[in-house]
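Peer 1: What follows is each chain in one-letter form.
Number of protein chains: 2
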Amino acid sequence: MQIDPSSSADLSVQIAQAIKDAIISGELIVDERLPSEAELSDHFQVSRPTVREALKRLAAQSLIRTQRGASGGAFVNRLSFEDAYAQQVTTSTLLLSMNAVSFDTACEARYALERACAPLSAVRRSADHLATMRAEIFRQGQPGLTDVAFCASDVAFHRALVDGAGNPVLSYQLAGAVEAMQPLMNMITFTARDRAVITGLHTRIADSIEAGDGGAAVTGLQDLEDETRNLARNVFAARAKR
Amino acid sequence: MQIDPSSSADLSVQIAQAIKDAIISGELIVDERLPSEAELSDHFQVSRPTVREALKRLAAQSLIRTQRGASGGAFVNRLSFEDAYAQQVTTSTLLLSMNAVSFDTACEARYALERACAPLSAVRRSADHLATMRAEIFRQGQPGLTDVAFCASDVAFHRALVDGAGNPVLSYQLAGAVEAMQPLMNMITFTARDRAVITGLHTRIADSIEAGDGGAAVTGLQDLEDETRNLARNVFAARAKR
DNA sequence: AGGCTTTAAATGTCAGACTTTTAAATGTCA
DNA sequence: TGACATTTAAAAGTCTGACATTTAAAGCCT
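Here the protein sequences line up with chains A and B, keeping their order. Numbered by the working numbering, the letters in the first sequence go through residues 118 to 359 in order. Numbered by the working numbering, the letters in the second sequence go through residues 118 to 359 in order.
Calculated directly from the structure, the hints in this document are not laboratory data. Do not rely on the hints blindly, as some may be mistaken.
Said to hold, decoys possible - Here are a few chain B residues that face chain A, going by a calculated C-beta distance under 10 Å:
id	residue
1	S158
2	A223
3	G293
In this text, a Cβ means the ideal position worked out from N, Cα and C, and glycines have one as well.
Kindly produce the complete structure, drawing on both the sequences and the hints.
Peer 2: This is the structure in structure tokens:
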């Protein structure tokens, strides 16, 4: 672990990078304890606050965790799927909101990715995944449900569909695409008729998954995408006229 | 922007969260300048180093950027697709390496997602994307290419395929899946025959994309996935026997 | 042996000073 | 008047040294 004294970059950036490289290269392994802040400041010939800033940068990325007290310190963190999932959702949400990504673009991406999961989910889904899908469909039919709650249930339904594929990497990758859409979806107001159509498509998809028919699930998702985009188009058109 | 004095969490974590919330909620908008470190430390009633640690946490997530000098300070950063892309690749790479994700799992996820892009790419790809794919195929046929270079070219080929879909959200989401596979792919040694088979499949896929035949591209990708997984299985089996 | 107390190591926080960078204000000269 | 050089001040970056808090382990007592 070395830094380049001739570099013009901030010291805390350089130190963070050096430690990060050490982790990626395997020089530091999971759960290994890093040298104490005092030792690091000595090693890199910088002050402790500078080292601390570097460590905070890494902590923000869940690359390390810190523990206080005797035999405490900074430890290389095993990046869990949950951590990665959370980061993915935050990043995707900000990306969509800050770059004025159109509803169509986000929607297209989301459904394209979901269709990739459907065939796997049709073969592998557990009874539990299917039960979750059915339960969310039931909830979506309840009267008095707010639009926000309807969207949340929609996300839960699709989450179960994706998780049914039994591939944690896929689930993680899809997290952003599905959850980041929620703020966009929340801009839509659903009439009772809209909800009935969507719930009907959800039922069709769930039936296909239950029957192990991936192809049918894919076409169901395609129809759902068309329906969703139509809905959004109408809502936005009506809003623009007003 | 307020913090809870009764909370037991580290102050720098609380402050970072408060600012992050302000950004997500839109209270702070893109390119807006945050108060100076001195003002923030005054506002939150903490010392400047503590404020700085909070800011470094946010900078590590590309939520803010800092500028030195007069009229400098911390500014809300527009999270670009490039930033998000880079974060995505790092996270995915670490996730795969730290959690001992099997080659099969990662490979399945990657190709499932790529197949989702193929139909869109067949319709929308520009001449430029197609040219890149052809160029990478040519490179892959060059004798004397190292395995690492071959893998890098493979990634570039698939990157062009994905980008051809013309959906930046999709490209961003796929970045992790495709690039994070590279370290795993690098563990494989490719015989001349292996390379010929892969390059042949690449050609088939490029032809399908050029012809606008998404279905053929999907089956091409399916065959490529099968081929890749076979290859990996053999390599790992041979290695285990040794 | 078991539980309590002490201790020391480590992170968390603070205060204040100094350095470096940078843009804007100011001044100077043609 | 305008272009260029100089000064100035604001802000982040860095350093030093100190104190507070947490926590595990060592030591002690019963």
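Peer 1: Does each hint fit the structure? Answer for all of them.
Peer 2: Right, here's what the structure says about each hint:
1. Of the supplied interface hints, the one on B/S158 is violated, with its beta-carbon coming no nearer than about 14 Å to a beta-carbon of chain A, more than 10 Å.
2. Because the beta carbon of B/A223 sits about 6 Å from the nearest beta carbon in chain A, less than 10 Å, this interface hint is met.
3. With a cut of 10 Å, the hint placing B/G293 at the interface with chain A holds, because the nearest CB-to-CB distance is about 6 Å.
Hint 1 from the earlier list is the only one contradicted by this structure; the remaining hints agree with it.
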